[in-house]
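A.B. asks: For reference, the chains in residue letters:
Protein chains: 2
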Amino acid sequence: MNIEIVTIGDELLLGFTLDSNGAHIARELAAIGVSVSRRTSVGDDATAIADAVREALERTGAVITTGGLGPTSDDLTKPTIAAVFGRAMHMDEAIIEALRQRWVARGWGKELPEANKQQGLIPEGAVVLTNRHGSAPGIWLEDERGRWVVMLPGVPRELRGMFAEEVLPKLRERGGPGASPVVSSTIRTTGVSESALADSLKPLESRLEGLALAFLPGWAGVDLRLTSSGRAAGESAALLERAGAELRVVAGQFAYGAGTDDLAAVVLDQLRSGGMTIAVAESCTGGLLGGRITAIPGSSHFFLGGVIAYSNEVKATQLGVGDDTLIAHGAVSEETAREMATGVRARYRADVAVSITGIAGPDGGTDTKPVGTVCVAVDVRGTVTSSKRQMIGDREEVRLRSTQWALDLVRRQLTATR
Amino acid sequence: MNIEIVTIGDELLLGFTLDSNGAHIARELAAIGVSVSRRTSVGDDATAIADAVREALERTGAVITTGGLGPTSDDLTKPTIAAVFGRAMHMDEAIIEALRQRWVARGWGKELPEANKQQGLIPEGAVVLTNRHGSAPGIWLEDERGRWVVMLPGVPRELRGMFAEEVLPKLRERGGPGASPVVSSTIRTTGVSESALADSLKPLESRLEGLALAFLPGWAGVDLRLTSSGRAAGESAALLERAGAELRVVAGQFAYGAGTDDLAAVVLDQLRSGGMTIAVAESCTGGLLGGRITAIPGSSHFFLGGVIAYSNEVKATQLGVGDDTLIAHGAVSEETAREMATGVRARYRADVAVSITGIAGPDGGTDTKPVGTVCVAVDVRGTVTSSKRQMIGDREEVRLRSTQWALDLVRRQLTATR
Chain A
1 MNIEIVTIGD ELLLGFTLDS NGAHIARELA AIGVSVSRRT SVGDDATAIA DAVREALERT
61 GAVITTGGLG PTSDDLTKPT IAAVFGRAMH MDEAIIEALR QRWVARGWGK ELPEANKQQG
121 LIPEGAVVLT NRHGSAPGIW LEDERGRWVV MLPGVPRELR GMFAEEVLPK LRERGGPGAS
181 PVVSSTIRTT GVSESALADS LKPLESRLEG LALAFLPGWA GVDLRLTSSG RAAGESAALL
241 ERAGAELRVV AGQFAYGAGT DDLAAVVLDQ LRSGGMTIAV AESCTGGLLG GRITAIPGSS
301 HFFLGGVIAY SNEVKATQLG VGDDTLIAHG AVSEETAREM ATGVRARYRA DVAVSITGIA
361 GPDGGTDTKP VGTVCVAVDV RGTVTSSKRQ MIGDREEVRL RSTQWALDLV RRQLTATR
Chain B
1 MNIEIVTIGD ELLLGFTLDS NGAHIARELA AIGVSVSRRT SVGDDATAIA DAVREALERT
61 GAVITTGGLG PTSDDLTKPT IAAVFGRAMH MDEAIIEALR QRWVARGWGK ELPEANKQQG
121 LIPEGAVVLT NRHGSAPGIW LEDERGRWVV MLPGVPRELR GMFAEEVLPK LRERGGPGAS
181 PVVSSTIRTT GVSESALADS LKPLESRLEG LALAFLPGWA GVDLRLTSSG RAAGESAALL
241 ERAGAELRVV AGQFAYGAGT DDLAAVVLDQ LRSGGMTIAV AESCTGGLLG GRITAIPGSS
301 HFFLGGVIAY SNEVKATQLG VGDDTLIAHG AVSEETAREM ATGVRARYRA DVAVSITGIA
361 GPDGGTDTKP VGTVCVAVDV RGTVTSSKRQ MIGDREEVRL RSTQWALDLV RRQLTATR
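Chains as they are written, first to last, in our numbering: chain A, 1 to 418; chain B, 1 to 418.
Please note that the accuracy of each hint is not assured.
DSSO-like mimics (lysine-lysine), calculated; alpha carbons at most 30 Å apart, straight line [stated by the list, open to error]:
| # | chain 1 | residue 1 | chain 2 | residue 2 |
| --- | --- | --- | --- | --- |
| 1 | B | Lys117 | A | Lys202 |
| 2 | B | Lys388 | B | Lys369 |
| 3 | B | Lys388 | A | Lys110 |
| 4 | B | Lys369 | A | Lys110 |
| 5 | A | Lys117 | B | Lys202 |
Source of the hints: derived by calculation from the structure; they are not laboratory data.
Taking the hints into account, I'd like the entire structure generated from these sequences.
C.D. replies: Here it is, written out as structure tokens:
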């Protein structure tokens, strides 16, 4: 099966929005062995939409669109594509009623606004795809020759949910067995540079048996992605597993996870097996580290909380950092970081505590402590470790890299004391 | 002038890469008044590239491509598009020599590898575009009827540099004076639904004098974007200002900013004018609110810090929330939120405090307090306000929406008490 994706919206032609919907659909299709032969983006213009969809249908007979299903007047997708199929529109009272109930349940009012009623209009003979994530339903429209267009909303969260729940199962049914999906696996590393990794992985490259190896650097570290294509699924899986295991050995202590593992989740798993709790003390990251940890469902079993100690007074009064420490070494020092960690661990009665203090910029740097200077400390039941580092990047990147580095120090300490 | 963008690369069809190059070119073209009528992405496949470029040329006569200019064997752009124009390829010795010098200067070796020599092949009659940011030169190819294709490399840094230095100046020349750039302005709202906004803005639509109005919903609220095209720059600016002012009046208290303003920055500005400090107490958001506030440079003048009170024990011991309150009303209640806010304000000696407690999901919901139940409270120098709401979305969205709502309550309280 060969599919084209058509994403719709003026914001795509103006470059206001990255086409993350098109990329998401492409990824999901590749994973089930369906190939995407072309992606097209057009604006909120009936002629442009009709042309793009008609051409794509002629080439492949299978098209997925996103965008243009909302209640506002620039949402043209449904009537335009209905016209391409020569179908009239009719009002689906069940959709209107579901929209009305949703509206009332949310306490937005008793009557559905006129603008929303347009969302109940669907092409004759279309299958309505349920939207559990928002108001605009999706549409599956197919002609007598079996050519079809699936219309999905442009809001990314709605699109992702509907694609998984309503579209993928139907495509799997149609696809049948024997497809050769593009499969990839990722090993996540942190604390090592791309070129150092590339050098140490060089001897391995000849043994990858045709798998593609990509280095993907970001603030979380360098991800190593292996990709297999043109093979049966079982063969790909075996190859990826073998090669992935070899990569992991070479990456050694720098490898912390696979796929989309978040280092915060890895650390929570370590706490779970050790039966330990954790608390945080954050200065320059201002809560980002706590925010990352609590992004993981179930973190409440191990994460007690923390202190955002942005001002020196809060460091002193709420964490017990000594005035003498702040005067002698400054707020950004390993000494202060250590007292922040031990302070929050004692006050929150946690087994483990981690602290971050640094200069995220753009201002606040000095000759001896330039922007990007960051200190972290970890206290595991009274054993305190600390470290200082010069981070690269802008304010946001320094802060994100700092949370990653702090989590990695926790991971290494928990690994060492296991 | 009307242009199409064709981006080339298997990774785009597999969804591994977001098409940031296409978006960048679109943005840059809009800013000089050139409209993009379609964007297409195809894989590293000669037939697909030829078809896409030929079709785009037929529609507009003006095409910009990215990708497929590198030294590897899957880089097919140049010979394929040369064939579309019926042109032969020839070796440009000047390119080879420049590549060789670059190679030697970088200390990569004395001789250019054979693979790189392919980069010296250019179509007959093409203009070579200098690449100061990498090795692959760009190509401007034009036929006797004035139809042209510009080929640029796919590495984003190289693309951006070359587009600015080599392409924009030439397009400006061709466009001549009197070009009419696409200009937009955005008004940010929060706390109101897209359809309610659309209803209340309806009477205004006829008075927008041809400006396009787009509703852009997200977790932060609904952005209203006005776009002007086909006008002189000065006229656009005046129209946008007048219409923007009218929209702001109708959006009323829901409008909090313009452009890419973050609500956290808006609140910091209010604190600055009031000479006030702020502290936070976060349960379900786990530090995200502090993280957002401290993302703003200079926030340290007004933000003292906060307590991440994830466990009930921390709420009691670190914020002074009464055991009786927790037992009678539960951790997710306006009562608890109020005591969290007053508790952190007193302990951190802040003028203003804001608290969040809620059930972010996916677990932890009950019949009376389902997932998405969130309470916030604001304490401005002893005057406490609180509110309870049912948030929609997954864990991440509930948490993000909660930080936005809490900041909005601070904004409204500070506006009211000013």
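A.B. asks: Going back to the hint list, which numbers does this structure go against?
C.D. replies: none
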